[in-house]
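S.K.: Below, each chain spelled out in residue letters.
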Amino acid sequence: MPYIIKSAVKSIYRDKWINLLSMLAIGSSLLILLITFLLVFNFHIATSRLPELFSLVVYLKDNLSEDETKKIITQLQGRNDVDGVKYLSKADALVEFKKTVKSAGVILEGLDENPLSSYIEIKLKKEYVSRPSVESISAEIKNINGVDEVYFGEKIAETIYFLKKSSQAVSIFLFIIVSIVVIFISHSTVKILFFRKKEEIEILKLLGATNGFIRAPFVLEGGILGVLGGIIAITSTAIIYLLIKYKLGTVIPVFEGIVLPWQIMPLSVLISLILGVIGSLIAVGRIRI
Amino acid sequence: MVIFNNVVKYYENLKVLRDISFQITKGEMVFVTGPTGSGKTTLLKLIYLAEKPDEGEITVGDFKVTSLKKSEIPYLRRNIGIIFQDFKLIKNMTVFDNVALSLRIKKEKDIKNLVYEALKKVHLRHKADSYPKILSGGEQQRVVIARAIVAKPELILADEPTANLDPNTATAIMQLINEINLQGTTVIIATHYRELFRNTWKRILRIDEGNLIERA
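Read top to bottom, the protein sequences are chains S and W. Using the working numbering, read the first sequence as starting at 1 and increasing by one per residue. Using the working numbering, read the second sequence as starting at 1 and increasing by one per residue.
Simulated from the structure, these hints should not be mistaken for lab results. In this text the structure is predicted, and so the values were computed from the model without any measurement. Heads up, some of the hints might be wrong.
Lysine-lysine pairs mimicking DSSO-like chemistry, simulated, CA-CA at most 30 Å apart [as the list claims (entries may be wrong)]: (1) S:K6 / W:K107; (2) W:K70 / S:K6; (3) W:K202 / W:K15; (4) W:K52 / S:K16; (5) W:K88 / S:K191; (6) W:K112 / S:K10; (7) S:K10 / W:K64; (8) W:K91 / S:K6; (9) W:K127 / S:K6; (10) S:K16 / W:K88; (11) W:K91 / W:K64; (12) S:K10 / W:K52; (13) S:K198 / W:K52; (14) W:K133 / S:K191; (15) S:K102 / W:K107; (16) W:K15 / S:K10; (17) W:K133 / S:K198; (18) W:K70 / S:K191; (19) W:K112 / S:K6; (20) S:K125 / S:K86; (21) S:K6 / W:K64; (22) W:K127 / S:K16; (23) W:K69 / S:K198; (24) W:K202 / S:K198; (25) W:K127 / S:K198; (26) W:K202 / S:K6; (27) W:K15 / W:K91; (28) S:K90 / S:K61; (29) S:K16 / W:K64; (30) S:K198 / W:K88; (31) S:K6 / W:K120; (32) W:K106 / S:K10; (33) W:K45 / W:K69; (34) W:K91 / S:K10.
Required output: the full structure, derived from the provided sequences and hints.
M.R.: The structure is reproduced here in structure tokens:
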């Protein structure tokens with residue numbers, strides 16, 4: 001076994017308690033990140049269906065000819081952000097109104113003519129269902145000749161947008177915090193080990209060891225701590241996921257559908273390895289001959 | 001092999017070495033002597049650049065020590081075997097691994113054979129798997145000698161190599177160093193023990209209050 005690997009492994013074994021503590025700390029931090037990711041990921045799946053329910057209603061002016069109406073429909077269908085359109089004439093709108101509102105008969109009583117306008121219901125593409133896009137799309141449509149008014153569920157669009165953005169922000173924030181924590185833990189561990197081995201390092205320098213030769217086992221040690229911490233985290237996440245899905249899911253059915261993208265597991269270990277190496281590199285960066 | 005030209009060294013405001021000049025040729029064995037605190041260890045430290053001279057020039061083999069870059073210092077040290085008074089052995093490494101360190105640093109091959117060969121020279125082949133703490137002072141010093149010679153350096157520096165050793169062990173250690181010198185390695189020994197060089201015909205550099213007094 002090459003000296004550097006042997007030295008790193010021996011050092012981990014020699015200072016097993018401090019290293020075990022560091023691994024658990026790294027593992028716990030990553031576990032928090034993975035559980036958050038699991039929540040955000042499943043929340044994302046749940047919210048990704050919401051835009052399908054969202055629609056924009058374009059009310060047309062009363063005196064439009066059939067050709068003018070068709071022209072508006074064609075124009076709307078040609079837009080990049082529109083997934084589909086559904087036209088309802090004044091008569092269709094009345095039928096729809098009577099279907100959805102039980103007391104429609106009472107409301108419409110006494111009116112000689114149909115008070116409802118013809119309208120076009122627009123389904124937007126998923127990526128455009130956010131308050132800023134919906135607002136700008138609706139403003140553009142409002143400028144089309146023959147369009148009277150455009151309505152959309154402002155609150156729905158806003159909520160979807162807010163939930164998506166905030167869950168993304170939370171996960172990015174946590175990722176940054178956990179990264180700093182992992183770097184800090186491996187940095188502190190390696191720094192402690194570095195000071196404990198000060199005498200050994202001094203001897204190595206006197207024998208002609210380069211900085212690289214002295215640093216390498218420490219950097220490797222930081223990497224190993226990262227990997228082992230990562231393994232602790234993914235194992236715990238897998239156990240928690242299986243418990244939620246198969247134990248809690250039998251009691252609360254909503255948890256049955258929880259999804260864990262397994263690709264995240266090796267990626268987490270890789271990220272942990274990189275963070276461990278970065279931490280130890282910072283710790284040993286000040287070695288001078 | 002080692003050239004000092006008007007070397008001056010201060011510790012804070014105290015001048016420990018004053019205008020030191022000497023030349024040691026390849027294959028020589030030289031004693032640097034003087035009372036405790038006279039600057040013997042400092043002189044050795046200047047050779048392997050554990051200390052930097054404040055004035056003057058030092059040359060060791062092909063290395064202009066005084067103008068070496070930091071990154072070049074390890075390569076100078078790889079050409080020097082150092083025997084320390086306080087041994088400087090790594091406690092959690094076996095005798096074998098301690099001796100092998102010099103070779104691993106130099107990325108040498110055939111480490112196993114070279115280490116056993118060096119341990120055989122110091123009569124410690126059977127202690128290869130032992131840890132330093134269970135060895136006697138004399139044995140530890142022999143491990144240090146094995147570590148110093150294993151990479152076959154051209155220069156050996158020994159700082160009080162027999163300090164804290166009983167007379168018989170000290171004699172054995174000196175015999176070993178003599179043998180190393182007889183094989184062509186340049187040796188510089190810093191010591192204040194007159195017994196080590198009383199009946200020798202080797203060159204003696206005496207340092208007294210920072211001044212060099214040389215006698216043949």
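S.K.: Please list, smallest to largest, the hint numbers that this structure does not respect.
M.R.: Violated hints: 4, 7, 11, 12, 15, 16, 21, 24, 26, 27, 29; rest satisfied.
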